[in-house]
Amino acid sequence: DAGITQSPRHKVTETGTPVTLRCHQTENHRYMYWYRQDPGHGLRLIHYSYGVKDTDKGEVSDGYSVSRSKTEDFLLTLESATSSQTSVYFCAIMSRENGEQYFGPGTRLTVT
Amino acid sequence: DAKTTQPTSMDCAEGRAANLPCNHSTISGNEYVYWYRQIHSQGPQYIIHGLKNNETNEMASLIITEDRKSSTLILPHATLRDTAVYYCIVRELNFNKFYFGSGTKLNVKP
Numbered sequence: 001d002a003g004i005t006q007s008p009r010h011k012v013t014e015t016g017t018p019v020t021l022r023c024h025q026t027e028n029h030r031y032m033y034w035y036r037q038d039p040g041h042g043l044r045l046i047h048y049s050y051g052v053k054d055t056d057k058g059e060v061s062d063g064y065s066v067s068r069s070k071t072e073d074f075l076l077t078l079e080s081a082t083s084s085q086t087s088v089y090f091c092a093i094m095s096r097e098n099g100e101q102y103f104g105p106g107t108r109l110t111v112t
Numbered sequence: 001d002a003k004t005t006q007p008t009s010m011d012c013a014e015g016r017a018a019n020l021p022c023n024h025s026t027i028s029g030n031e032y033v034y035w036y037r038q039i040h041s042q043g044p045q046y047i048i049h050g051l052k053n054n055e056t057n058e059m060a061s062l063i064i065t066e067d068r069k070s071s072t073l074i075l076p077h078a079t080l081r082d083t084a085v086y087y088c089i090v091r092e093l094n095f096n097k098f099y100f101g102s103g104t105k106l107n108v109k110p
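Protein sequences appear in the order of chains A and B.
Take the first sequence: its letter number 43 is residue 43 in the numbering used here, and every next letter is one higher.
Take the second sequence: its letter number 105 is residue 105 in the numbering used here, and every next letter is one higher.
Bound conformation, chain B alone (with noise of 0.2 Å):
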């Protein structure tokens, strides 16, 4: 079960930082939101993930709204690069499995 919403696509202009919502209102206290994306026909790459508090690595900085309810994932500086599919997904941590949905589509534009 897909238990996030993502827009379908959204689009951002090379240099500026692209925000990318995620509603996930029905979280529970111990599930994670991790986000992946995929460039074109590759296979999915890990980005970020976090439980409560914002995170922020190399690729990306996650913010989590205090009622857990929906995050962003924000790329400061969005290239040409980022154009990808990017996907939200809710875990639990003893749970293995992972569900996809169909992910929101960036279009970087020069």
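Okay, chain A solo, but in the shape it has when bound (with noise of 0.2 Å):
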């Protein structure tokens, strides 16, 4: 396992209300992705970051905010959650040697 952890692995929350999600890794990597991923659609890259403080968009970044103020961790925030973000939630990480990326377990987020 490369040493990445999303919290929580779960979580149920209501619409309008804001949502944390954190990735960690223990690898110093320097780039790290969150993804999401819906039946039908296999994963779709929401944001990614290249550095500490240093973020870019993906495709669905729409509703979605990162922010990377240390190596380790890369938040992903739902300002304000709808039910159209109920999704499964990858954080990557990735060597940049090689362009491997390694992922993490996921997070199963459910907005009712």
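Wrong hints could be hidden among the right ones.
Stretch by stretch, here's where chain B covers chain A in the computed footprint (C-beta under 8 Å, at least three residues) [said to hold, decoys possible]:
id	region
1	34 to 42
2	98 to 106
List time: in silico DSS-like cross-link candidates among lysine-lysine, alpha-carbon distance up to 27 Å [as the list claims (entries may be wrong)]:
id	chain 1	residue 1	chain 2	residue 2
3	A	70	A	11
4	B	105	B	52
5	A	70	B	97
6	B	3	B	97
7	A	53	A	70
8	A	53	B	69
9	A	57	A	70
10	B	3	A	57
11	B	97	B	52
12	A	11	A	57
13	B	69	B	97
14	A	57	B	97
No lab work stands behind these hints, which were simulated from the structure alone.
Remember, it's a predicted structure, so these values are computed and weren't measured experimentally.
Glycine included, C-beta positions come from ideal geometry on N, C-alpha and C.
Can you join these two chains into the complex? Each is in its own frame, and there are hints to help.
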């Protein structure tokens, strides 16, 4: 295992509430990613980070924000959760040398 | 933008070779081909990657056509544990976004 954890692993929240998901790595990798996975869509990139305080948008970034104040933590925030954000969220880190990505176990988020 | 095309699903008999095709006809010279797989609801797992030469590791072989417009992932002796969704991804070396697409669901049957 690549030393990557996600918290919480499961969360149920109500529409309109803020939610923050945490990704933590022990590998000191520069690149970190947030994806969401929905039936029929595979994995879609939300945001990624290429260093502390350096982030960029992915293909489905609307409604999400991220922060990276230290190398080991990458936070994904839903400012006001909607039912369309019910999904499984995966965090990943990347080895810059060969482009291998290592994925966390996922967070299942349900917005009611 | 998913730059690859894969069949939605494939079946393979246990113990036989599984050959998973991927079309990437718009690939450019500095783009690599990566393969990942996702077993059930786990996070995806890296398998192999290559630029233009064929590659082999302990998990699989990657065969890239000479024109680089397509590739095949080969699992030489498929087992039931290889049942998973397999993703073929094209990525430029210095471009750090990955687009996974929907992948191929491989069903290995006894």
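Earlier hints that do not hold, by number | Structure breaks hint 8 only.
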